[in-house]
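For the sequence shown, the numbering used here gives the first residue as 6, with consecutive numbering after it.
No lab work stands behind these hints: they were computed from the structure. Beta carbons: idealized from backbone N, C-alpha and C, even for Gly. A couple of the hints might just be wrong.
Unchecked claim - Label pairs and their calculated CB-CB ranges:
{"id": "1", "residue 1": "Gln-185", "residue 2": "Lys-216", "range": "22 to 32 Å"}
{"id": "2", "residue 1": "Lys-282", "residue 2": "Glu-169", "range": "47 to 57 Å"}
{"id": "3", "residue 1": "Glu-242", "residue 2": "Lys-282", "range": "53 to 63 Å"}
{"id": "4", "residue 1": "Tyr-116", "residue 2": "Ala-70", "range": "33 to 43 Å"}
{"id": "5", "residue 1": "Lys-163", "residue 2": "Pro-213", "range": "11 to 21 Å"}
{"id": "6", "residue 1": "Asp-250", "residue 2": "Ser-195", "range": "50 to 60 Å"}
{"id": "7", "residue 1": "Ile-68", "residue 2": "Ala-115", "range": "10 to 20 Å"}
{"id": "8", "residue 1": "Leu-72", "residue 2": "Lys-269", "range": "42 to 52 Å"}
{"id": "9", "residue 1": "Leu-123", "residue 2": "Ser-65", "range": "53 to 63 Å"}
{"id": "10", "residue 1": "Gln-181", "residue 2": "Lys-251", "range": "18 to 28 Å"}
{"id": "11", "residue 1": "Val-97", "residue 2": "Ala-70", "range": "50 to 60 Å"}
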Amino acid sequence: MVKRACLTLYKVKALTSFSAVYLLNLCWKAPSAFPTYTRINNTIKSESWMKKFIHISIGSFIIFAILIFGSICFYDTHVQNGHWGSVSDMLVALGTALIAYFTFLLVAAAYITSKSWLDKEAHLKATEFLETLAAIFHHQLIIYSTNSKLAIYHDLRKKQVGDEIKFGVKDINGAQSMLQSIGVNTKASSYSEADLASINNYSEVLVPIYKESILKAKSDVDSLIVKAMILASNFGEKVDGVQLDKDIHILRSTNHDNNYAKVKQIIKKYAHAIDMKDFKLTVPDYEPYERGSL
């Protein structure tokens with residue numbers, strides 16, 4: 006009875022502390038480097054529409070003033086016995102000139118802002134397209150790194166009492182921290198019965214979460230692929246749909262460091278094709294977990 010109560014209490018402890026362990030597993034650089042992805046500069050390098058509007062306003066005012074002054078001079082010198090009419094006639098003429106001037110300014114403002122809005126929309130669509138491609142790559146790394154975690158727990162659950170505690174990975178400190186977080190005494194040379202019980206309890210909590218994370222990431226990748234193909238239609242001949250399908254296949258099949266350079270080249274190619282040369286993709290250092298390393 007006492008033994009069963011202690012075991013139940015141990016499982017409760019595992020459940021309540023699983024969040025901290027889960028985060029530590031995510032941050033352990035060697036087998037589970039958490040991937041980062043695209044960073045895009047959203048600044049459009051162009052003169053502001055307000056500055057353009059001010060320039061046009063001043064320029065058009067000068068032109069209108071020259072036209073009015075020229076008309077007055079022409080009237081005085083070329084029209085015999087001409088007169089300007091009554092005060093009301095002068096006011097009507099002045100009002101007509103002002104209406105023409107402000108109408109011109111409204112047309113100019115509409116043209117400038119529409120062009121600026123179209124440029125911004127095009128920039129946002131290009132940004133979204135590149136971020137979608139990078140997100141496919143990002144989710145694939147999540148799948149791969151999570152599979153590495155499952156492989157770790159698969160190896161650990163096969164351990165028996167007396168088996169050597171070994172660290173066949175580059176990041177030994179990270180591996181030690183991970184084992185300590187799940188209750189393994191890393192100062193000992195071999196696994197004890199308490200170590201194995203702790204491993205089993207934590208794996209019962211974490212393994213289902215990892216499997217669910219993989220399924221969700223795969224579902225997200227499928228949705229992102231559809232989104233990328235739809236967004237690509239905005240760029241016409243700049244993006245070849247057949248080639249994009251092949252490149253997406255490479256993005257979603259990435260599973261080790263050797264493919265990172267190829268992925269960067271693919272996304273950089275599309276960034277240049279749609280005039281987004283300020284695009285940057287960052288990839289973390291990553292050491293894949295090999296079976297039997299722990």
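So, going through the hints one by one against the coordinates:
Take Gln-185 and Lys-216: their Cβ atoms lie about 24 Å apart, and the range 22 to 32 Å holds. Evaluation of the 47 to 57 Å hint for Lys-282 and Glu-169 yields a pass: the beta carbon distance comes to about 53 Å. Between Glu-242 and Lys-282 the beta carbons are some 19 Å apart, a value that contradicts the proposed interval 53 to 63 Å. For the hinted restraint 33 to 43 Å between Tyr-116 and Ala-70, the CB-CB distance of approximately 22 Å leaves it violated.
For the pair Lys-163 and Pro-213, the beta carbons lie near 19 Å from each other, so the given range of 11 to 21 Å is met. Judged by the Cβ atoms, the range 50 to 60 Å given for Asp-250 and Ser-195 holds: they are separated by roughly 52 Å. Checked against the given bound of 10 to 20 Å, the beta carbons of Ile-68 and Ala-115, roughly 19 Å apart, stay inside it. Between Leu-72 and Lys-269, the C-beta spacing of about 58 Å breaks the proposed range 42 to 52 Å.
A C-beta distance of roughly 23 Å is found between Leu-123 and Ser-65, which places it outside the suggested range of 53 to 63 Å. At about 43 Å, the beta-carbon gap between Gln-181 and Lys-251 misses the expected band of 18 to 28 Å. Distance hint check: the CB atoms of Val-97 and Ala-70 are about 19 Å apart, inconsistent with the given range 50 to 60 Å.
Checked against the numbered hints given earlier, this structure breaks hints 3, 4, 8, 9, 10, 11; the rest are met.
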